[in-house]
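Once you have looked at the hints, place chain W on chain H.
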Amino acid sequence: MNARTRGLLLLTPATLFVFVAFLVPLAILLAGSFQRDDGAIGLQRYVEFFADPLHQEVVLRTLRIGALVTLAAIALGYVAALAIVDLSPTSRARLVGLVTLPIMISPVARTYAWIVLLGRTGLVNNLALQFGLTDAPLRFLYTEPAVFVGLLQLLLPLMILSLVSALENVPRDAVPAARMLGANWWVVFTRVLLPLTRDGLATGGVLVFTGAITAYITPAMLGGAKILMLETLLYQRVNVTDDIATATVITALLVSMSILAKLVLSRLAKGRSK
Amino acid sequence: MNGRALQWTALGAVLLFLLGPFVIILAAGVSDGETLTFPPEGVSLRWAASVVAIAELRHAFAISFALAVLSTLGALLLGIPAAYALERLDPPGANIVRAVVTSPLVVPGIVVGLALLRYFVIPLGIGVRPALLASHIALLIPYAVRVVAASLRNLRVDIEDAAIMLGATPLQAFFQIVAPNIRNGVIASFILSFITSFNQVPVSLFLSGPGISTLPIEMLARIDFTYDPSIAALSAMLALLSIAIVFLAERLLGLSRYV
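Here the protein sequences come in this chain order: H and W. Here this note's numbering is used: the first residue of the first sequence is 1, the next is one more, and so on. Here this note's numbering is used: the first residue of the second sequence is 1, the next is one more, and so on.
Simulated from the structure, these hints should not be mistaken for laboratory data. None of these values were measured; they are calculated from a predicted model. All C-beta atoms in this analysis are idealised placements derived from N, C-alpha and C, irrespective of residue type, glycine included. Do not rely on the hints blindly, as some may be mistaken.
So these bits of chain H aren't anywhere near chain W, every CB distance computed over 12 Å [stated by the list, open to error]: (1) R4; (2) L11; (3) V18; (4) D52; (5) V59; (6) L63; (7) A80; (8) G132; (9) A177; (10) R198; (11) T241; (12) A247; (13) T251.
Footprint (simulated), chain W over chain H, 3 or more residues, beta carbon under 8 Å [unchecked claim]: (14) 25-31; (15) 38-51; (16) 82-89; (17) 98-105; (18) 108-114; (19) 117-131; (20) 229-235.
Extracted from the complex, chain W is given alone in its bound form:
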């Protein structure tokens, strides 16, 4: 075998290792059998239907969805002004601020959850829902700042200066000139943040209580006593949902540039 062929075989093997598990999840999820086996016994969507029928899972899905949307909006609301200030206004202490707002990226999630539970939720008497939201916003701010800052860097400063010279206020210049130009970056950041929050487990572990559980945590809790293909069906549905979102985003904006 020559070098080229060897190289392609190796790449194929790596891709199989990365993507093969999804094929397996998909196949196991549409199995008609009573127990989780691979290869699956027959084809049916009854396990997917059974998952949707479980009220706790529907509830957890609703919580995860609302949490992902709200925390993404919160992170963008806080992150866009910060990114703009860091890129354009040369504020004092910019490096320290940059380190502070990106620090949630380097701290293990489970530690974040525990620290917030002990020294934010309990002493301040905050409910589990707002605490969960606060933890996810803190987690997502670095993504919002990073992606929006990257889009701002690609936008020439002088078109904004021109607007101001022509009589626009800084606020008008931002909303009429800058905002339309960084729109794709903001949308990309929205999608990345939504997916990050929706899939997040360690941060939420200590911050979920009775009746307030996110979908991935509810799944984790059920794995230990589920022997039928229902969790596989749910995993397959989640994977397909993510693939659809990523595919659309890639088509519309070229998402992979921002990862």
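Chain H with its partners taken away, still in its complex shape:
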């Protein structure tokens, strides 16, 4: 038996498993979005989906929150990553460990912290009442900013880690050289660091954006039924009204948005090799 046949034999179980227990069911679900009520192929389900103002609102909100979380993660990510790569190798490893830690902890537990902080008797309301900023507890939970903050905290580590590994590959003297030639910090950032860390930025961007638009736990816990995102809408439609037609369209939207984000951002990353 030659190596190629052996290779094929070793690959078959995993490939077959993913095929049967994942790709085929997913393909059937996706294909369902193009089925009309009379059984023919058509875009009826999409037309009906987008005719509902609530659905439009949820799609727009999902994209808006995804974009805002990604932009905020880029800004905070660079700030943190630039400081981390400035450290000695030992402390750098230690900080990378600290940033990695939250990724390993249950997202339910991580998000619950925001309920403790932002709830009616939480820290923020207690402080606001004590300092007389408000007479009655304010509502922070089940608002869009709460979902935004929760997602940012959940996903920021992925951006920091991507940027740290990108910045580690920037030649050590690139920044001092630019400074010596008279560039100010903004120019150094936009003309030197940004082009040199494009790959890491694209990787982090894909992880954060797709993570935000496909999140379930955070919008479920901090947004509830008021601030629906695509995943919580899907769950609600299937579980409350058994509305598979809507679920198939949401599936198609989520999968295509994830793939599109990946294509666009990896395009941007490769742009510099032109």
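Chain W in isolation, oriented as in the chain H frame:
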């Protein structure tokens, strides 16, 4: 304030944002008060004890634990041969296979659960438990393949060739030469997969039924009607458990290299 000081302050603020919530969960979880408040009222472990006393939560913990162990083993069993074939044997269609086995990474979890429920569990008449296990194995295969492939890439091919030239069969060469050398990668993959499965919510949402609920889903269900610090205590315990696992793994193998 000069540039350096500004940079450190900013890093401190980001770390506070990332890690502060855990301090809050910990503090709220050891509160002695009747309701969830922050700052906590007194210190006691009674809410942690109350959580452990709830039979449904113990049951859900047992399910999550067994699910995480079994799905990790399943993913490694399928993933290690696949990673080896992809790295070493240049099989036909390698790129397509790579795309197939890593595809569960790019598909939203809730969609995976729904697709499996509708077009795998119901038509094939599979029970909820095996379906849950199958979904988690599919989810974890990409991690197993990726981490093991990375360890194989760091191992020189010629030591394996040498073993075969000296008369070892390919199987002997794998178990006696390759396996000991990729052990750390496999252990790292085991830990990552275990944690991923244990914390997983969206995939399991549609695949849990009466009496079969994982711990994070049971927690989600209880949040809406829990006003005492018990969920905070449970969250704190879970966070401490993860921190302990990660700390040990980092000490033993340098886990962060594989994330």
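Tell me the hint numbers this structure goes against, listed in increasing order.
1, 2, 3, 7, 12, 13 and 15
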